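Given the coordinates of chain F, assemble chain U with the ligands onto it according to the supplied hints.
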Amino acid sequence: MSTEDTQDDEPRHPYESEDSFHPLGEEWEDRMREELEDTEYDADLGMQMARDAQRLVAGEISEEEFYAEYHDDVEEEFEADDRPLFDDVDPAEWDDIEDESVAESLAEADLQGDETSRREMMKKMGAGAAFLGYGAYATYDFQPADGAPDNVSGIRPAPKDEREHRWGMVIDLQRCDSCLACVAGCIDENGTSTGANWMYVFTYEDEDSEQENFLVRPCQHCSNAPCAKVCPVRARHTRGKDGLVLTDYETCIGCRYCQVACPYGVNYFQWGEPDVEMSRLEHLDMRPEEVRQLEGGDYGDRDSERYQELSDANDHVYDYRGRWTDSRPPQGTMGKCTMCPSRQDGHTDNPKGTVACMDACDAQGMSAIHFGDLDDEESRANRYLRRRTEVERTVLEKWEGVEDDDLDIETTASPTSEISTFRLLEDLGTQPNIVYLGNEPGPNAEQSEPPTPYEVYSGSNNKWGVEVVDERKEHLDYGPSGPPEQEGEEGGE
Amino acid sequence: MATSPGEPEDILRPILNTSKKYYIAFGIAAAVALLWSAVYGWQLEEGLIVTNLADWGSGGGSPWGLYIGAFIWWVGIAHGGIILSAAVRLFGMKRYQPVARVAELLTLGALSMAGLYILVHMGRPDRLVLSVVPAYPWTVRTSPLAWDVTVITLYFVMTATYLGLTIRYDVYHLRDRLPDYLGPFYSLVTLGYSETEEQIIERMVWWLALGIIVLAPLLLHGGVIPWLFSLIPSMPGWDGGVQGPQFLTIALTSAIAGVIIISYALRWGYDWDHILTDAMFRGLTNWLGLFGLLFLWLQLQQVINGVFAEPVAGKTAMVARITQPYYIVAIGTVIVILAYVFAQAVDQRQFSLVRSLAASFLMLFATLTEKVLFVFEGLLYPHFSLYEAVPGHYFPSIVEFSSLAGTVSLCTLFFLVIVKLFPVVELHAVEDHHDEHEAAHDEEVTS
Ligand code: SF4
Ligand code: SF4
Ligand code: SF4
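Sequence lines, in order, name chains F and U.
1 is the number of the first residue of the first sequence in our numbering; add one for each residue after it.
1 is the number of the first residue of the second sequence in our numbering; add one for each residue after it.
So here's chain F without its partners, still in its complex pose (with noise of 0.2 Å):
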């Protein structure tokens, strides 16, 4: 099943199909209609009722529309039966009941009914639980034991062998001395906003360890994103076919829910007016939806037309389904790191396979950060992860000669490699798909000053003449006109 394409090749929406009116289908529906079959009231009716309340919750019928028609059904269906239940307790015990606990009444009500009127009333909770539960179903559901629905997309990477690629990266901590050229060179491809370091340095000092400690922070591009599973419009979404976590901008509600699941902190909104105008970023000449209704093709399709328009503009805005999910976000939606889809689209003049952080960090002499697929036993990523735990073990070779049987050291109990490799917060189940080389910040690790401050690049230190500030709080904190120095400067989109 494919299930990167949720835009172009979205199965029917499940209220437009006549047969199954459920999400789940025909099968899902059967079996509602056998349970309600087993009560004695009318089947037909009790379906109905929840196909309609889709309806309503769909916003496609209202809700006088929604009584007015069930009205007389409801009526004539259940005035065969007897008196309400509550007339089966003696109203002598009226004034016992009342201001009593619930559960108490409950009992009460209970052992006042004698057999029939108990399983009166069993039947009736039966038959009301079931309408009332076939209603909520309109609106809530779950997804069946028997394998999913093939739509549910959006959530998780494709199975290995129907993806093109896994992106990732490789960070070589031990490589890094926080230059920050890795963050200029992100705010100089997208753009970004004062204080949206989609990619962030960390300088810290850790308990066991004298000297500075760095952590290169992009978004984690996890397999399992929590920031994904919990949009409520499938804006945050991951890419099937290679893995990555976008955002597509005309979706996204600005609701922040990926922002507060995501446990690493990569996310920022855009919260005003962003600072880079639109058509600063923008090569092509034309409104998204015109860039979604060229033909497009398929993942890595050199031939559509899209990709020819993409590709002759070196747009850095769209991705291979004509979907605005790279550069920064326009005002209220949230931005992050991307991986540069536009690149591994293919159609900038970048190569793919390469970001703009690396580029900058390798333009520094630094290499650091190796990106590349980590499903590709020979993308640069994985190369340098084998030569880099190779030279380790050459190290350890050299040790066996040491062996020194007076302390008895066993080689065998070393790890094959002396230097760590560690994804961050692996534990949450994320699955994460940076690699880290090097030591991993302790629980009483602090973050301290870095070696080259962030202000560094503000200004003509960068592409936009954007502010680029640490804590971004403190600049929010201006308002919607910004800091004085620099009031009206910026235009949004």
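Keep in mind that the hints are not guaranteed to be accurate.
Said to hold, decoys possible - 20 Å max Cα-Cα, derived SDA-like pairs, lysine to any residue:
id	chain 1	residue 1	chain 2	residue 2
1	U	K315	U	T333
2	U	K315	F	D427
3	U	K315	F	K160
4	U	K420	U	L410
5	U	K20	U	V303
6	U	K315	F	A445
7	F	K160	F	N224
8	U	K420	U	G192
9	U	K420	U	L188
10	U	K21	U	V303
11	U	K315	F	L428
12	U	K20	U	A31
13	U	K315	F	L425
14	U	K21	U	G269
15	U	K315	F	K352
16	U	K420	U	R175
17	F	K463	F	A445
18	U	K420	U	K315
Derived from the structure by calculation, the hints contain no laboratory data.
Values in this document were obtained by computation on a predicted structure and should not be read as measured data.
For chain U with the ligands alone, coordinates are given in the frame of chain F:
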């Protein structure tokens, strides 16, 4: 305090007469609501930058704050209100029958305010329908926020149906005494009414009440609202299955406080001492105490679990919470209220309407404070705390605070309009007083 039972004339008075008090209340509420809509207009224009919210992480802020806190608070009031009314109908708690409809109306009003808060909180409210609806069949499986929207809609429909059913009876029987200028509205409400349906309506109402009670522990504050937080692995302050029960107690406490306040206003405005009796207020005050106690108990559970030998992140979050002055004030307030409730339960002379009213206002203040703190304190102490800017800073801006005044005014306006449309005390309540003098007197004894 034995009083004469109410008459149908009493419950018609708000519709037929308009007092000076009414005009003043309406004027103030409308002015405040208008003022806030201007403020909200400004937010729409400039974006959420006019709030004091910011990104967590390197950003040093909290992405959710007062808006979400107030959203939960309103949902809580709504959920508690409908449970209260359903309990009255399901278990025939006659003493509270006069406030059953007030509780239902409170549910509708509060749910609307909660819905409004969703909109106010969003960065792109213009996309609400176009983004949410097409994605719905998928998101409903994974996104707690989609569940919330669903359940709020469901409860709104159920409550409105419920209310609509009980109003038919009243309007039909009082029709000749209701003003003619609302004739079309009344005809619509009583469309197709026949006296034979009364029994059936009664049964349907009972059914709906059953549904509401059965679904209560699963939905709204019993389920989807706390899950919005407790299912998220990133924020230890939100952890744990205790959030469901905790939210539910807060819902019930807030709703009872809300019902007390509105009932007091109605009694004061329309001289309904004989319908909304002291005995009823005493009973409500006792319930307020009971649920307040449960609220404190569940707070205690969390605090003890959080500070004893909790992993670092959880402990940091809990220590931050219990040392936060606003938290201490909120919990202290609940303790003071409980002291009053138990004092008046033991010694009736301690009871006074005004004290119960004050207790209700304080309780709503405490629950709102706790809910707002819960939201942003949780976000200030994430699991991943390497950032220097963690914990961040958040204090609501004037724009955010003004939304509280705005929504309270809107809810007040809602009630002011409703009292002019149909009786807010149901006819059954005054009829029953009429028929059963004995019951009215017996109420004095049980409490
Ligand atoms: S790091 Fe955060 S934003 Fe990025 S994919 Fe993982 S959960 Fe989502
Ligand atoms: S902010 Fe946007 S992307 Fe994030 S969860 Fe909300 S709608 Fe989805
Ligand atoms: S991968 Fe692209 S978006 Fe992500 S940090 Fe690097 S340059 Fe920025």
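Do the hints match the structure? See the list:
1. This hinted pair does not check out: K315 of chain U and T333 of chain U have alpha carbons roughly 24 Å apart, beyond 20 Å.
2. With a C-alpha separation of about 18 Å, the suggested pair K315 of chain U and D427 of chain F falls inside the 20 Å cut-off, and the hint holds.
3. Our distance criterion of 20 Å between C-alpha atoms is broken by K315 of chain U and K160 of chain F, whose separation comes to about 40 Å.
4. With a C-alpha separation of about 16 Å, the suggested pair K420 of chain U and L410 of chain U falls inside the 20 Å cut-off, and the hint holds.
5. Distance restraint check for K20 of chain U and V303 of chain U: the Cα-Cα separation of roughly 49 Å exceeds the 20 Å cut-off, and the hinted pair is therefore not satisfied.
6. Under the criterion of a C-alpha separation no larger than 20 Å, the hint pairing K315 of chain U with A445 of chain F is consistent with the structure, at around 16 Å.
7. Restraint check: the Cα-Cα separation between K160 of chain F and N224 of chain F comes to about 14 Å, which is no more than 20 Å; the hinted pair holds.
8. Restraint check for K420 of chain U and G192 of chain U: not satisfied, since their Cα atoms lie roughly 23 Å apart, outside the 20 Å limit.
9. Distance restraint check for K420 of chain U and L188 of chain U: the Cα-Cα separation of roughly 16 Å lies within the 20 Å cut-off, and the hinted pair is therefore satisfied.
10. A C-alpha spacing of about 45 Å is found between K21 of chain U and V303 of chain U, which places the hinted pair above 20 Å, so the restraint is violated.
11. Pair hint K315 of chain U plus L428 of chain F holds up; C-alpha atoms about 18 Å apart against a cutoff of 20 Å.
12. As the CA atoms of K20 of chain U and A31 of chain U are separated by approximately 17 Å, the hinted pair is consistent with the 20 Å bound.
13. Note on K315 of chain U and L425 of chain F: the hinted pairing holds, with a Cα-Cα distance of about 18 Å set against a maximum of 20 Å.
14. A C-alpha spacing of about 7 Å is found between K21 of chain U and G269 of chain U, which places the hinted pair at or below 20 Å, so the restraint holds.
15. Annotation: proposed proximity of K315 of chain U to K352 of chain F is violated, straight-line Cα distance about 45 Å (limit 20 Å).
16. Annotation: proposed proximity of K420 of chain U to R175 of chain U holds, straight-line Cα distance about 14 Å (limit 20 Å).
17. At roughly 34 Å between alpha-carbon atoms, K463 of chain F and A445 of chain F are farther apart than 20 Å, so this suggested pair is violated.
18. Simply put, K420 of chain U and K315 of chain U have alpha-carbon atoms about 53 Å apart, too far for the 20 Å limit, and the pair is violated.
Taken one by one, the earlier hints fail for this structure at numbers 1, 3, 5, 8, 10, 15, 17 and 18, listed in ascending order.
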